[in-house]
Amino acid sequence: MKPFRVLSATAAPLLSDNIDTDVIIRIEKLVGMTDHSELGRWCFGALRYLPDGSENPEFVLNQSPYRGSEILLAGANFGCGSSREGAVWAMMQIGLKAVLAPSFGEIFYNNCFQNGVLPVALARSAIEEIASELEPDAGRAVVTVDLERQRVVSPRGKEHAFEIPGLRREALLEGLDDIGITLKREAVIAAHQERDRMRRPWVYEIAEVRS
Amino acid sequence: MAGRAMFQKIWDDHVVADLGDNFFLLHIDRHMMHDLGGPAAMRDVHQRGLRIRNPELTFATADHAISSAQGRAGTTETGVRLLDGLRAGARAAGVRMFDVGEPGQGIVHVIGPELGLTLPGVLLVCGDSHTCTQGAMGALAFGIGSTELIHVLATQTLVQPRPKTMRVCFEGAMGPGVTSKDLILHLIGTIGAAGGNGYAVEYAGSAIRNMGIEGRLTICNLSIELGAKMGMVAPDDTTFAYLKERRFAPSGELWDRALGYWRTLTSDVDAEFDREVEIDVGRIAPHVTWGTSPEQVLPIDGVIPDPGAMAQTSKRTAAIAALAYMGLEPGKPIAGTPVDWVFIGSCTNSRISDLRSAAEIARGRRVAPTVRAWVVPGSEAIKRQAEAEGLHRVFTEAGFEWREPGCSMCLAANGETIPAGQRSVSTSNRNFVGRQGPGARTHLASPAMAVAAAIAGHIADVRSLGV
Numbered sequence: 001m002k003p004f005r006v007l008s009a010t011a012a013p014l015l016s017d018n019i020d021t022d023v024i025i026r027i028e029k030l031v032g033m034t035d036h037s038e039l040g041r042w043c044f045g046a047l048r049y050l051p052d053g054s055e056n057p058e059f060v061l062n063q064s065p066y067r068g069s070e071i072l073l074a075g076a077n078f079g080c081g082s083s084r085e086g087a088v089w090a091m092m093q094i095g096l097k098a099v100l101a102p103s104f105g106e107i108f109y110n111n112c113f114q115n116g117v118l119p120v121a122l123a124r125s126a127i128e129e130i131a132s133e134l135e136p137d138a139g140r141a142v143v144t145v146d147l148e149r150q151r152v153v154s155p156r157g158k159e160h161a162f163e164i165p166g167l168r169r170e171a172l173l174e175g176l177d178d179i180g181i182t183l184k185r186e187a188v189i190a191a192h193q194e195r196d197r198m199r200r201p202w203v204y205e206i207a208e209v210r211s
Numbered sequence: 212m213a214g215r216a217m218f219q220k221i222w223d224d225h226v227v228a229d230l231g232d233n234f235f236l237l238h239i240d241r242h243m244m245h246d247l248g249g250p251a252a253m254r255d256v257h258q259r260g261l262r263i264r265n266p267e268l269t270f271a272t273a274d275h276a277i278s279s280a281q282g283r284a285g286t287t288e289t290g291v292r293l294l295d296g297l298r299a300g301a302r303a304a305g306v307r308m309f310d311v312g313e314p315g316q317g318i319v320h321v322i323g324p325e326l327g328l329t330l331p332g333v334l335l336v337c338g339d340s341h342t343c344t345q346g347a348m349g350a351l352a353f354g355i356g357s358t359e360l361i362h363v364l365a366t367q368t369l370v371q372p373r374p375k376t377m378r379v380c381f382e383g384a385m386g387p388g389v390t391s392k393d394l395i396l397h398l399i400g401t402i403g404a405a406g407g408n409g410y411a412v413e414y415a416g417s418a419i420r421n422m423g424i425e426g427r428l429t430i431c432n433l434s435i436e437l438g439a440k441m442g443m444v445a446p447d448d449t450t451f452a453y454l455k456e457r458r459f460a461p462s463g464e465l466w467d468r469a470l471g472y473w474r475t476l477t478s479d480v481d482a483e484f485d486r487e488v489e490i491d492v493g494r495i496a497p498h499v500t501w502g503t504s505p506e507q508v509l510p511i512d513g514v515i516p517d518p519g520a521m522a523q524t525s526k527r528t529a530a531i532a533a534l535a536y537m538g539l540e541p542g543k544p545i546a547g548t549p550v551d552w553v554f555i556g557s558c559t560n561s562r563i564s565d566l567r568s569a570a571e572i573a574r575g576r577r578v579a580p581t582v583r584a585w586v587v588p589g590s591e592a593i594k595r596q597a598e599a600e601g602l603h604r605v606f607t608e609a610g611f612e613w614r615e616p617g618c619s620m621c622l623a624a625n626g627e628t629i630p631a632g633q634r635s636v637s638t639s640n641r642n643f644v645g646r647q648g649p650g651a652r653t654h655l656a657s658p659a660m661a662v663a664a665a666i667a668g669h670i671a672d673v674r675s676l677g678v
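Chains as they are written, first to last, in our numbering: chain A, 1 to 211; chain B, 212 to 678.
Hints in this document: simulated from the structure, not taken from any laboratory. Be careful, since some hints might not be right.
[Unchecked claim] Quick list of in silico lysine-lysine cross-link-like pairs, DSBU-like style, CA-CA up to 30 angstroms: (1) Lys2/A to Lys29/A; (2) Lys97/A to Lys2/A; (3) Lys184/A to Lys375/B; (4) Lys2/A to Lys158/A; (5) Lys97/A to Lys29/A; (6) Lys158/A to Lys29/A; (7) Lys455/B to Lys220/B; (8) Lys220/B to Lys184/A; (9) Lys97/A to Lys455/B.
[To be verified] Just a sample of chain A residues kept apart from chain B, beta carbon distances all over 12 angstroms, derived: (10) Ser8; (11) Gln63; (12) Arg84.
Bear in mind the structure is a predicted one, so any value in this text is a computation, not a measurement. Idealized CB from N, CA, C, for every residue including glycine.
When you get a sec, could you build the whole thing from the sequences and use the hints?
Right, here's the structure in full:
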């Protein structure tokens with residue numbers, strides 16, 4: 001996993017609430033996937049393309065200053081719905097590295113950290129203020145997300161502090177992987193199971209008594 | 212010191228290590244795996260040079276990508292590849308799999324409770340967001356992503372932040388034609404699809420206490436649509452009676468010991484919750500969604516809302532887009548909207564009580580000639596039970612198609628889709644854009660309301676059929 005420290009990049013506003021992971025990537029694209037790089041083309045497919053398959057010019061990521069944005073400004077509950085991690089993989093394939101939203105679907109939020117993508121929870125008023133400062137005509141749509149200082153810097157230089165769990169912050173800064181860390185705790189897992197087996201044997205002794 | 216909520220008791224019993232900053236390493240008692248995520252996860256574990264730590268605590272079945280066609284003749288090529296991958300991976304790892312055609316096969320969240328694998332007080336995960344369904348058994352159950360799935364297979368643990376707690380009390384008696392589905396849709400409409408973000412929800416109150424297990428499973432199923440990763444109901448005598456004699460439930464002395472422990476799990480009377488919500492169920496009518504989020508929901512006698520009257524920009528933006536996608540006009544009654552498809556099934560509403568309530572209304576009536584209607588039982592066991600009761604004949608005589616168990620049209624990963632532009636009343640859990648197929652328009656409702664729509668040919672109030 002790549003470390004995340006400070007990112008200054010174009011931010012695109014997609015301020016509708018409840019953008020779900022089905023909208024981010026359709027299930028059949030995941031079912032047929034052999035490699036993550038196939039997913040970029042289908043990211044936000046429901047919004048990005050018209051029924052005839054051509055690009056929807058109304059969709060923000062299809063508009064010139066925002067195409068290739070690395071930061072997304074989103075509405076509440078972004079990434080709600082299905083647990084599919086393919087939603088994060090698809091976003092990574094189109095170059096998105098951070099999402100700023102008032103709140104997130106929780107499984108999506110966890111999945112971001114597993115892949116080095118930074119989800120930042122900011123008040124709705126802050127997101128709307130940052131979006132109002134984007135000046136695409138003048139090419140000023142750059143936002144800075146500084147994980148080290150836990151600050152988002154708006155296009156006009158206003159700073160918004162954000163909270164992030166310390167454990168998640170450190171893992172992102174260092175590019176650390178949960179699985180590797182937990183594997184080192186084998187002794188404590190084994191001890192827990194041994195104690196637990198005495199207390200709740202029915203959890204472990206699963207007998208097929210009836211069929 | 213205040214007492215502990217059920218959530219806190221179960222959480223505490225699963226803490227392997229306190230990682231600080233409100234994060235914990237938790238023991239996973241039960242892991243359910245399906246055909247969509249299972250094959251790749253087992254392959255990834257192998258490719259990383261790891262092994263499955265406790266294969267005896269993982270259980271697998273095929274539900275997402277398999278066809279629900281009779282004889283499964285319509286199974287997609289991808290579905291076959293995933294099914295074969297799951298079989299091979301499970302066999303190599305020593306994971307118990309419930310294969311197609313066996314009693315035990317079915318939608319993971321249906322078979323967990325049905326087989327007695329999902330028990331009060333267990334921590335259960337699955338690579339599917341509707342794992343929250345199984346919290347109805349008094350378990351702590353939630354969905355996880357692909358990387359977390361590998362973490363569980365390799366370590367039998369997960370790293371999780373501890374959520375806040377919310378209690379939702381449903382009080383009173385439900386009116387005629389009103390089901391548990393209407394209660395949870397009403398709640399989502401009231402507090403929003405993000406209302407449960409960051410919370411573990413306990414459903415309580417007299418309406419829940421008087422409800423059967425299957426109704427509770429439906430309520431907990433939609434917790435994720437409320438934004439909560441987990442929802443649960445305190446285990447009680449209803450839960451214990453349901454579990455007794457189930458295929459993998461403890462028996463004999465183990466049952467007695469388990470029962471003693473399970474009885475300690477209810478929230479203490481002085482437990483404090485971070486948020487409390489009370490709902491008077493006597494005031495709830497049958498509900499149906501109008502938009503593309505489950506929070507965009509109405510009582511059946513309501514009118515489609517006007518985005519212009521919505522104060523919040525993001526809500527208005529979402530409503531305008533939803534109405535355009537759904538092909539609906541503000542200010543018109545939702546009842547009377549013509550329907551092309553009806554789908555009864557999914558981990559929300561495919562259990563025997565759902566099929567019984569649907570059959571009761573379908574009996575002696577006919578599906579409108581303009582509607583295509585499917586019934587997809589949630590498991591092989593439910594299918595057999597329904598056939599033993601003759602429900603399948605009630606459905607087929609009324610003009611419904613009776614199909615094989617699986618997720619089917621709920622997520623449309625199996626080639627079973629609603630054509631673009633067509634409108635469906637569905638007992639499933641998601642009315643998202645494209646959920647039932649690209650361009651498909653989905654209205655969520657209870658099985659009884661779905662049958663009413665199938666008969667009328669348009670969205671209709673089930674109470675008009677004299678229930």
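Status of the hints after comparison with the structure:
no.	hint	result
1	Lys2/A to Lys29/A	25 angstroms, holds
2	Lys97/A to Lys2/A	11 angstroms, holds
3	Lys184/A to Lys375/B	29 angstroms, holds
4	Lys2/A to Lys158/A	28 angstroms, holds
5	Lys97/A to Lys29/A	21 angstroms, holds
6	Lys158/A to Lys29/A	40 angstroms, violated
7	Lys455/B to Lys220/B	23 angstroms, holds
8	Lys220/B to Lys184/A	27 angstroms, holds
9	Lys97/A to Lys455/B	50 angstroms, violated
10	Ser8	26 angstroms, holds
11	Gln63	16 angstroms, holds
12	Arg84	8 angstroms, violated
Checked against the numbered hints above, the structure violates hints 6, 9, 12; every other hint is satisfied.
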